[in-house]
Amino acid sequence: MLGHLRSGDAPLQGRKVLVIDDDIRNVFALTSTLEQRGMKVVFAENGREGLERLQQHANTDLVLLDIMMPEMDGYETARAIRAMPRFEHLPIISLTAKAMKGDREKALAAGASDYITKPVDVEQLVSMMRVWLGA
Amino acid sequence: MMREAPPVLPGGSMAGLAVDERMPILIVDDREENLKALEAVLAPVGYPLVRATSGKDALRLLLERDFALVLLDVRMPGIDGLETARLIKGRERTSELPIVFLTAAREDVAGILRGYGVGAIDYVLKPFDPELLRSKVAVFAELEHSRRALRRSEAFLLAAFEAAPIGKTVLDSERRIVRANPAFARMVGSTPEQLAGIEIAELCAPADREALSDLLDQVGAEDAGVPPADDEAGIDLRLHGLNGRETWVAPTASIIESSELAVSLRLIQWVDVGARRRAEVARAELMLEQAARAHAEAEADHLEKLRQLGEGVESVTVAELVPELTERLRAVFSARAAEIQLDEHAESAGIAVARARAGTRDPDGRWQEAAVTADGMVIGAVRVQPGDGRLLTAAEQALLRDAAEHFSLLIRRVALQHREHQIAVELQRGLMPARLPTVPGVEIAAHYQAAGVGAEVGGDWYDAFTFRDGRLGVVVGDVTGSGIRAASTMGQLRSVTRAFALGDETPPSPAEVLIRLRHYQQTLDSEAMFTLLYLVLDPAAGTVTWANAGHLPPLLRAAGRVQVLQGTDTMLSVGSAEYHDRHALVREGDTLILYTDGLVERRDEAIDAGIGRLAAALAGGPQEPDALCAHILKARPGPGAQPEDDVTAVVLHLVARDRGQLRAADGSRQAGGLEVALPATAQAPGQARRALERTFAEILEPEELERAQLAVSEIVTNSVRHGQGPIVLRAEMTEARLLVEVVDHGPGFEYLPRAVDDAEVGGWGLSIVAAETSRWGLREGALVWFEIDRDPVRSPAGIV
Numbered sequence: 002m003l004g005h006l007r008s009g010d011a012p013l014q015g016r017k018v019l020v021i022d023d024d025i026r027n028v029f030a031l032t033s034t035l036e037q038r039g040m041k042v043v044f045a046e047n048g049r050e051g052l053e054r055l056q057q058h059a060n061t062d063l064v065l066l067d068i069m070m071p072e073m074d075g076y077e078t079a080r081a082i083r084a085m086p087r088f089e090h091l092p093i094i095s096l097t098a099k100a101m102k103g104d105r106e107k108a109l110a111a112g113a114s115d116y117i118t119k120p121v122d123v124e125q126l127v128s129m130m131r132v133w134l135g136a
Numbered sequence: 035m036m037r038e039a040p041p042v043l044p045g046g047s048m049a050g051l052a053v054d055e056r057m058p059i060l061i062v063d064d065r066e067e068n069l070k071a072l073e074a075v076l077a078p079v080g081y082p083l084v085r086a087t088s089g090k091d092a093l094r095l096l097l098e099r100d101f102a103l104v105l106l107d108v109r110m111p112g113i114d115g116l117e118t119a120r121l122i123k124g125r126e127r128t129s130e131l132p133i134v135f136l137t138a139a140r141e142d143v144a145g146i147l148r149g150y151g152v153g154a155i156d157y158v159l160k161p162f163d164p165e166l167l168r169s170k171v172a173v174f175a176e177l178e179h180s181r182r183a184l185r186r187s188e189a190f191l192l193a194a195f196e197a198a199p200i201g202k203t204v205l206d207s208e209r210r211i212v213r214a215n216p217a218f219a220r221m222v223g224s225t226p227e228q229l230a231g232i233e234i235a236e237l238c239a240p241a242d243r244e245a246l247s248d249l250l251d252q253v254g255a256e257d258a259g260v261p262p263a264d265d266e267a268g269i270d271l272r273l274h275g276l277n278g279r280e281t282w283v284a285p286t287a288s289i290i291e292s293s294e295l296a297v298s299l300r301l302i303q304w305v306d307v308g309a310r311r312r313a314e315v316a317r318a319e320l321m322l323e324q325a326a327r328a329h330a331e332a333e334a335d336h337l338e339k340l341r342q343l344g345e346g347v348e349s350v351t352v353a354e355l356v357p358e359l360t361e362r363l364r365a366v367f368s369a370r371a372a373e374i375q376l377d378e379h380a381e382s383a384g385i386a387v388a389r390a391r392a393g394t395r396d397p398d399g400r401w402q403e404a405a406v407t408a409d410g411m412v413i414g415a416v417r418v419q420p421g422d423g424r425l426l427t428a429a430e431q432a433l434l435r436d437a438a439e440h441f442s443l444l445i446r447r448v449a450l451q452h453r454e455h456q457i458a459v460e461l462q463r464g465l466m467p468a469r470l471p472t473v474p475g476v477e478i479a480a481h482y483q484a485a486g487v488g489a490e491v492g493g494d495w496y497d498a499f500t501f502r503d504g505r506l507g508v509v510v511g512d513v514t515g516s517g518i519r520a521a522s523t524m525g526q527l528r529s530v531t532r533a534f535a536l537g538d539e540t541p542p543s544p545a546e547v548l549i550r551l552r553h554y555q556q557t558l559d560s561e562a563m564f565t566l567l568y569l570v571l572d573p574a575a576g577t578v579t580w581a582n583a584g585h586l587p588p589l590l591r592a593a594g595r596v597q598v599l600q601g602t603d604t605m606l607s608v609g610s611a612e613y614h615d616r617h618a619l620v621r622e623g624d625t626l627i628l629y630t631d632g633l634v635e636r637r638d639e640a641i642d643a644g645i646g647r648l649a650a651a652l653a654g655g656p657q658e659p660d661a662l663c664a665h666i667l668k669a670r671p672g673p674g675a676q677p678e679d680d681v682t683a684v685v686l687h688l689v690a691r692d693r694g695q696l697r698a699a700d701g702s703r704q705a706g707g708l709e710v711a712l713p714a715t716a717q718a719p720g721q722a723r724r725a726l727e728r729t730f731a732e733i734l735e736p737e738e739l740e741r742a743q744l745a746v747s748e749i750v751t752n753s754v755r756h757g758q759g760p761i762v763l764r765a766e767m768t769e770a771r772l773l774v775e776v777v778d779h780g781p782g783f784e785y786l787p788r789a790v791d792d793a794e795v796g797g798w799g800l801s802i803v804a805a806e807t808s809r810w811g812l813r814e815g816a817l818v819w820f821e822i823d824r825d826p827v828r829s830p831a832g833i834v
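Protein sequence lines correspond, in order, to chains B and H. My numbering puts the first residue of the first sequence at 2, with every later residue one more than the last. My numbering puts the first residue of the second sequence at 35, with every later residue one more than the last.
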């Protein structure tokens, strides 16, 4: 029984992340990574659904937001989240394509707290999340 | 201190360790019909089913809930089965979730086994055997069940430790605290984190340290996990808290042994002395917890091993299967040697004798064995030699018994499938004539194609044989349903039909043959029903006589016109039935076709539409029988390479005979005329007269009709008296004359001299024939013909 006790990643353990990405494969892979670190994951496959999820899970600790999505894209979604006062300070990490340099600035301007390029480097993402959830 | 929440564990019961609800099985396929089939097949297994129509759907569902098993179609648009599985296996929560791939492509299998070789992965080839799929699903789902039960029991144990109201500490071999629960921490005024690493003696009043040490020594010497037999054996001592507080407790100690731990730890439970009774309950709980876990672990192990023994077996014969299973047996038991033997008793169960050994046998070692059975009879044994003189444990013995049972089923199934296939092939071969007979005046072609799917014989058959007098007999039959039993009975029926048809000095008519067959069938122990068409073609006489027991009607093509030869009696079955001979006239150039439903039947239409299509194909088809056969097969509905039912066709084409024809040499034959079959009774002459009148009264002059009626009456009378069996009257008009022919089946006129002598004629009353007709004659066999020339002046312009 003791073999299964996990030391845990203290800042991440038990925290809730909302993953918004239109590619379910990315959602699944990110979920696998985050769950491994003891996090709880909620997901949405487009911006609109993401906002709904956020309303349902108001205790969300962090949002991982894909920028390239059909219909309501990541910028629009980030702006909509920020427009709600109670999520004014919610950490939002945007996932941007590596080639698109202007995307980062646009993402930050739209309200993202930070950005990481796709394909996602797991270690980089985890340390970034530690920073944003550490406090 | 003890007035806290009730224990997390349900008191003294193992019920909480059982998995109450069944987790659903996820079925993933992009085709609705496949999902439906899976649902139907898996319904009896008893797990709820959740469907997904794409890899995307499946991943979404997996994120939202847990499943016992995933059945995954390999080939799907978008995220295919292999990628879906890769993602599933990459997620910790689902990494051990069993996946059974469904694929129609054998080449996918290698990829599946290579890519996901370890863990709970299997595949089933489509179209799948429902029983096989069910058994795989059941094994996997149970496995997953046990695995979760085990996890759950671990969770219970952890909860029991953390949330227990009594103090608990786990000590390492140095007697330092590895972990303490909150209740113990409170006893000594600390927190679990602070207590980690502290030597337990430090928390004990100095005076009691020796007693504690003795207790721990004692536990080390005892068998694991046995608490003191009674309260007298227990000790009371004082805990010295970090806050200076002293608490009287009764410690009980036990050893924790787990396969997951390299060294054993000691668990000590500290019970407030005032609460000793509760401590007893706690001890009982501890024992139950340990028993539950041991049970869950053993069960999971057992199931996993059984799965390894039976999974993905590909052998198709017993000879291949036995060595394959033997090797697995040795591997799963890690045995020095393993052996499977099927002895001579197997043969009486229709299974080949076989023996295989894996590993090297220890000449002095003992075999431990379990019986292989078939239908409750022992037909052999599976044996294992563990090696090093070791005996199998009780759990291993149980596994060996289960393995033997499992193998018994596998061996029987493989033997049965193999045998059925062989028999089907044999029967198929035996039911068809090796070559077709040759008859002057008839060209014959036949086609048979077995149903494409599976090894089932569809039940079609045909036969052709000749009579001494130059007639040709053709039989076409079909068994309703399919399968070896029915086809085997049909095989007997074929021999018997031939025997009945050819056996007598005077061959019986088709209807008589069918009547005898029906009597014969009633002596058979079979409830199968048969359709059968028996047709006798007399190329010399230009007649065809048949009787039809529920079979599709033959078609006749004459002068480019196709006619369905109607007249069908009931099929051969256990009930009573009557059979009748039917007759038709045929000529040189005519074609007959006999066939089975595979040639014309299509699921979505009435059989008549199929016959219509065949008739159309026949009308426009070539003369030559083989070419015609090919032509009508092409017109078959859904002309795939693999018919769903047997397809049989026999084509008979009448051609010029070597010997001269006696037929009136008038080429200007016209449409219209008469063909009628008459019974060989006293009514026949009258019927013949009336038939002529009905047909030709409008056309012939009364005097001409009367002459014809007189002549026909005499001839038919003669046929009734001397002939055998039914009489056929045929008549037709040309512009110049009326032609009438009467056919019977008797020895008839065979011995008449070629030139007709008046004296002989008189003896037969044929003088009238000679007098009333313009000319007349005989054809060998049993045909009398005459012609009456018409008065050219009065001849009408045309005949309808």
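Hints listed in this document are in silico derivations from the structure and should not be mistaken for laboratory results. Keep in mind that the hints are not guaranteed to be accurate.
Among the chain B residues that face chain H by a calculated CB cut under 10 Å, a handful are [said to hold, decoys possible]:
1. 24
2. 25
3. 30
4. 32
5. 36
6. 44
7. 47
8. 102
9. 125
10. 126
Taking lysine to aspartate or glutamate pairs in the EDC-like style, the calculated list, with each CA pair at most 20 Å apart, reads [unchecked claim]:
11. 339(H) to 361(H)
12. 102(B) to 115(B)
13. 123(H) to 115(B)
14. 90(H) to 23(B)
Glycine included, each C-beta is placed from N, C-alpha and C at the ideal position.
Structure-based check of all given hints:
1. A least Cβ separation of about 9 Å between residue 24(B) and chain H falls short of the 10 Å threshold, and the interface hint therefore holds.
2. Hint on residue 25(B) holds. Least Cβ distance to chain H is approximately 5 Å, under the 10 Å limit.
3. About 7 Å separates the beta-carbon of residue 30(B) from the nearest beta-carbon of chain H, less than 10 Å, and the hint is met.
4. Below 10 Å, beta-carbon pairs count as interface contacts, and residue 32(B) has one with chain H at about 6 Å; its hint therefore holds.
5. Given the 10 Å rule on beta carbons, the hint for residue 36(B) holds: about 6 Å separates it from the nearest Cβ of chain H.
6. Annotation: interface hint on residue 44(B) holds; nearest CB of chain H at approximately 6 Å, less than 10 Å.
7. A distance limit of 10 Å between C-beta atoms decides the matter here; for residue 47(B) the minimum to chain H is near 13 Å, and the interface restraint is violated.
8. Hint status for residue 102(B) relative to chain H: violated, with the closest Cβ pair at about 30 Å, above 10 Å.
9. With a cut of 10 Å, the hint placing residue 125(B) at the interface with chain H is violated, because the nearest CB-to-CB distance is about 19 Å.
10. Interface hint at residue 126(B): violated, since its Cβ lies 16 Å from the closest Cβ of chain H, which is beyond the 10 Å cut-off.
11. For the hint linking residue 339(H) to residue 361(H), the alpha-carbon distance of about 14 Å falls within 20 Å, and the restraint holds.
12. Distance check on the hinted pair: residue 102(B) and residue 115(B) sit about 14 Å apart at the alpha-carbon level, within 20 Å; holds.
13. Between residue 123(H) and residue 115(B) the alpha-carbon distance is near 30 Å, which puts this suggested pair outside the 20 Å criterion.
14. Distance restraint check for residue 90(H) and residue 23(B): the Cα-Cα separation of roughly 11 Å lies within the 20 Å cut-off, and the hinted pair is therefore satisfied.
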